[in-house]
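Number of protein chains: 2
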Amino acid sequence: MPHIDFWHDPASTYSWLAAMRIEDAAARCGVSVRWQPFLLGPAFARLGWATSPFNLQPEKGRYMWRDLERQAAALGAVLVRPNPFPQNGLLAARVALIGHDAGWGPAFTRTVYAAEFSEGRDISGREAVAALLERVDVAPDTVLDRATSTENKLRLKEQSDAAQRLGIFGAPTFVTADGEMFWGNDRLAEALYWARHGSLAGYAV
Amino acid sequence: MPHIDFWHDPASTYSWLAAMRIEDAAARCGVSVRWQPFLLGPAFARLGWATSPFNLQPEKGRYMWRDLERQAAALGAVLVRPNPFPQNGLLAARVALIGHDAGWGPAFTRTVYAAEFSEGRDISGREAVAALLERVDVAPDTVLDRATSTENKLRLKEQSDAAQRLGIFGAPTFVTADGEMFWGNDRLAEALYWARHGSLAGYAV
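Going down the list, the protein sequences come from chains H and G.
All residue numbers for the first sequence refer to numbering that gives the first Met the number 0, where the first residue is 0 and numbers rise by one.
All residue numbers for the second sequence refer to numbering that gives the first Met the number 0, where the first residue is 0 and numbers rise by one.
Among the clues, some could well be false.
[Stated by the list, open to error] Listed next, the in silico EDC-like pairs over lysine to aspartate or glutamate satisfying Cα-Cα at most 20 Å (straight line):
hint, chain 1, residue 1, chain 2, residue 2
1, H, Lys-59, G, Asp-185
2, H, Lys-156, H, Asp-144
3, G, Lys-59, H, Glu-179
4, G, Lys-152, G, Asp-100
5, G, Lys-152, G, Glu-126
6, G, Lys-59, G, Asp-185
7, G, Lys-156, G, Asp-100
8, H, Lys-59, G, Asp-100
9, G, Lys-59, H, Asp-160
10, H, Lys-152, H, Glu-189
11, G, Lys-59, H, Asp-185
12, G, Lys-59, H, Glu-189
13, G, Lys-152, G, Asp-140
14, G, Lys-156, G, Asp-144
15, H, Lys-152, H, Asp-100
16, H, Lys-59, H, Glu-179
17, H, Lys-59, G, Asp-160
18, H, Lys-152, H, Asp-140
19, H, Lys-156, H, Asp-100
20, H, Lys-59, G, Glu-179
I should point out that these hints are in silico values taken from the structure, not numbers from a laboratory.
All of these numbers come straight from a predicted model, not from anything done at the bench.
Here chain H stands alone, though its shape is the one from the complex:
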């Protein structure tokens, strides 16, 4: 079965939208999903940005929140903005890596996004992440210890380095096995089509 890599940052608004629908959309196309958590912060820092472009560009930010609300509503979801935005997703990303080995990674990641963007909750601290693990029936303590081990910290750093090597500059980004890259929740259908057919020939924009 062909696959796509789903590069997503726990703090990324449009990654939330993609995470809500990617498994069903991929299944309809006969494509499997490899969840690839990473952090966008280093990519922003390389551009000299200390925060999200949605904060640095007020007009773009204002538009993004309105667009996100509309898009979420069309998916049946409610938007409640977290404060501050962006949330610090470092621990959530580290935990997600453990979860992807164990099989509960996608469910945990969707729970993180739902808490963050549909309830406006803080997802950054150890207590917050522990509560989210409990929501998906995972005992938090061992997982949190493993997540913050030196080995796992390096593993997340390697994820962000790999994203940089791929030329990823935003999230979500979908990458097919043959290296084709699609940026943005809007491009999910194209990415799945490419994963299945190796081109967009026959795809109607």
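Fit chain G to the given chain H structure using the hints.
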């Protein structure tokens, strides 16, 4: 008949894609299109940018050209990159304003985009714009004189000021009569749906 305002910059790559399909797409939805040329340069300058973000962010730029090529191909169009990018669209935008009064504005604008992005031609100078006017059977000299009159220069400036007041930060941007804003060629279908129904209720993302 409901309408949408189609805010586009002559140098904008994704405005090219939207210009290729907006009239047919709008007609299918029973919506009319008001073509609103403007320049993005002042919006970029307010952010301290001296050129397009696709030049300032090399990874994003590399991705954009690949994505544009794919999207254009899916619309049956060929991409040939103009050099330099972005092109200076000042004169083309001034001429387009004259054309929108006279009825040949949309055809001229599509011709500008096709020359720029499907042939990679320079669209900036008086000779280049004159040749594009001739392609749509408009005698260039009088039009070019009117386009560069003080009155028409101020009119284009007022277009860019109006875009700023609307909070427009990129192109294409679609704005409905009730003030709802949709940014990007990807949002054309949503914008037309909103123009017709006043919300996205019932719209499937």
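Structure-based check of all given hints:
{"no.": "1", "hint": "H:Lys-59 x G:Asp-185", "result": "16 Å, holds"}
{"no.": "2", "hint": "H:Lys-156 x H:Asp-144", "result": "17 Å, holds"}
{"no.": "3", "hint": "G:Lys-59 x H:Glu-179", "result": "14 Å, holds"}
{"no.": "4", "hint": "G:Lys-152 x G:Asp-100", "result": "15 Å, holds"}
{"no.": "5", "hint": "G:Lys-152 x G:Glu-126", "result": "19 Å, holds"}
{"no.": "6", "hint": "G:Lys-59 x G:Asp-185", "result": "17 Å, holds"}
{"no.": "7", "hint": "G:Lys-156 x G:Asp-100", "result": "17 Å, holds"}
{"no.": "8", "hint": "H:Lys-59 x G:Asp-100", "result": "31 Å, violated"}
{"no.": "9", "hint": "G:Lys-59 x H:Asp-160", "result": "17 Å, holds"}
{"no.": "10", "hint": "H:Lys-152 x H:Glu-189", "result": "33 Å, violated"}
{"no.": "11", "hint": "G:Lys-59 x H:Asp-185", "result": "16 Å, holds"}
{"no.": "12", "hint": "G:Lys-59 x H:Glu-189", "result": "18 Å, holds"}
{"no.": "13", "hint": "G:Lys-152 x G:Asp-140", "result": "17 Å, holds"}
{"no.": "14", "hint": "G:Lys-156 x G:Asp-144", "result": "17 Å, holds"}
{"no.": "15", "hint": "H:Lys-152 x H:Asp-100", "result": "15 Å, holds"}
{"no.": "16", "hint": "H:Lys-59 x H:Glu-179", "result": "27 Å, violated"}
{"no.": "17", "hint": "H:Lys-59 x G:Asp-160", "result": "17 Å, holds"}
{"no.": "18", "hint": "H:Lys-152 x H:Asp-140", "result": "17 Å, holds"}
{"no.": "19", "hint": "H:Lys-156 x H:Asp-100", "result": "17 Å, holds"}
{"no.": "20", "hint": "H:Lys-59 x G:Glu-179", "result": "14 Å, holds"}
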